[in-house]
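Note that the protein sequences, when read in sequence, are chains W, L, D and Z. Residue numbers are given in numbering that gives the first Met the number 0: position 101 of the first sequence equals residue 100, and the series is strictly consecutive. Residue numbers are given in numbering that gives the first Met the number 0: position 64 of the second sequence equals residue 63, and the series is strictly consecutive. Residue numbers are given in numbering that gives the first Met the number 0: position 60 of the third sequence equals residue 59, and the series is strictly consecutive. Residue numbers are given in numbering that gives the first Met the number 0: position 9 of the fourth sequence equals residue 8, and the series is strictly consecutive.
By construction, these hints were calculated from the structure, which means they are not laboratory data. Any given hint could be a false lead.
Since the list can't tell identical chains apart, any single copy or any two copies may satisfy a pair.
Derived lysine-lysine pairs resembling DSBU-like cross-links, with alpha carbons at most 30 Å apart [unchecked claim]:
hint: 1; residue 1: Lys89; residue 2: Lys45
hint: 2; residue 1: Lys87; residue 2: Lys99
hint: 3; residue 1: Lys45; residue 2: Lys75
Protein chains: 4
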Amino acid sequence: MNLAELTQALLQFRDERNWAQFHTLRNLIVSLNLEAAELLELTQWKSEEEMLEISGEALRDECADVMLYLLLIAEKAGIDLEQAARNKLKKNAEKYPVAKSYGSSRKYTQLTQLAQPESHED
Amino acid sequence: MNLAELTQALLQFRDERNWAQFHTLRNLIVSLNLEAAELLELTQWKSEEEMLEISGEALRDECADVMLYLLLIAEKAGIDLEQAARNKLKKNAEKYPVAKSYGSSRKYTQLTQLAQPESHED
Amino acid sequence: MNLAELTQALLQFRDERNWAQFHTLRNLIVSLNLEAAELLELTQWKSEEEMLEISGEALRDECADVMLYLLLIAEKAGIDLEQAARNKLKKNAEKYPVAKSYGSSRKYTQLTQLAQPESHED
Amino acid sequence: MNLAELTQALLQFRDERNWAQFHTLRNLIVSLNLEAAELLELTQWKSEEEMLEISGEALRDECADVMLYLLLIAEKAGIDLEQAARNKLKKNAEKYPVAKSYGSSRKYTQLTQLAQPESHED
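All chains should be modelled from the sequences, with the hints used to inform the complete structure.
Here you go:
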């Protein structure tokens, strides 16, 4: 099953329940944020060791919830999600040139100088 | 290009920049939340009419950013995102039986009685 | 009881439970975000009419939770919250001059021209 | 200046700009979430050491923004924020009895047994 088929299953789920009336773009975006927060809640108060033991099912379910709302938003807005992700990855590659961002977690707006790449030959 | 190929392209992007060191599960989940908030920001102060005019590119890019972090989280945690979404959709179908949730926006914990379905008089 | 006294009561609550060990700045900020999301959840799927009927207690409690974490963050970072809020309000007044922002919901970065102010004398 | 005076200054700021029309409860709650996310963004990709160096002004300003929206929400909903925070702290003290929550970061729903307190051997 690919994203298009998943979206179809999701629309059928929605329509069987007559929920399209609630699925405005605004409501879907709010709901995606709430699901993202539930994902964040899985990390709350966790030490680094405890982070490794996050239950697979809880994590899978919260990721799935984000995915499902993302598909609904994309469908609503006529966005091809895979195409959009590919394009954004290209943009990011331009915003973060390897020479300036190698090993650096700085935001692109703060990439003022070359990062120090891996090897110092002398 | 499917999600597996997209993930590969994303990992290559990450590794060319030596960013795996920053990509802990916690950091990726925080970043996904920040991208979700940027999506939410597109709706800020907007009237219903203005919501219809949200720029396609901004919306596409923010959806893409959420998607990209979701793929990184899934890769990190060994989650098959499409499978997880399918399973969650099944769970949701059980939590929200049509008879109880038809036309209702109540949370499943508050579905105490039957919703009123279409009422097919004949 | 003022904010300083409230903060003292909060620190006592924390210390009686030996929770200071969990209260890193990062953890407190994550928790504040989770409480903000619970506030947002009160609006989920709500129509404008339903928004008017949000239960006073739920809203009070969620606002309180945001407030409590904000006090903990401020205490941790040595911030005088009332002073900070006053200063920020001044900054906002400069970023949003009345002549440019009157009746407009635009972000300050997009305040390119004068808004139409209140009175049209002729 | 106390919270009541701060709220008055904030309402004056709002009214000088004719912004009350945008300040629905829903919009204010969304905006508070966006400010909370900006606070979270200050922690993004930061190591524990880098967290210690977060610029005081950025942190102060983001805390202030959360505070300002919280005051607007409270004013809109007729909530006495200090009273609400005090009441919630009392509720929390009941949800998290010292004997069960001492030194534990578990959620109250998972406090099934006594935490191990300091162990006073005598």
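Alpha-carbon proximity context of Lys89 and Lys45, limit 30 Å:
For Lys89 and Lys45, the Cα distance is within 30 Å only across copies (25 Å; inside one copy 34 Å).
Status of Lys75 relative to Lys45 across identical chains (alpha carbons, at most 30 Å)
For Lys45 and Lys75, the Cα distance is within 30 Å only across copies (17 Å; inside one copy 36 Å).
Is it within a copy, between copies, both, or neither that the alpha carbon of Lys87 lies no farther than 30 Å from that of Lys99?
within (19 Å within a copy, 34 Å between copies)
Checked against the numbered hints listed earlier, the structure breaks none of them; every hint is satisfied.
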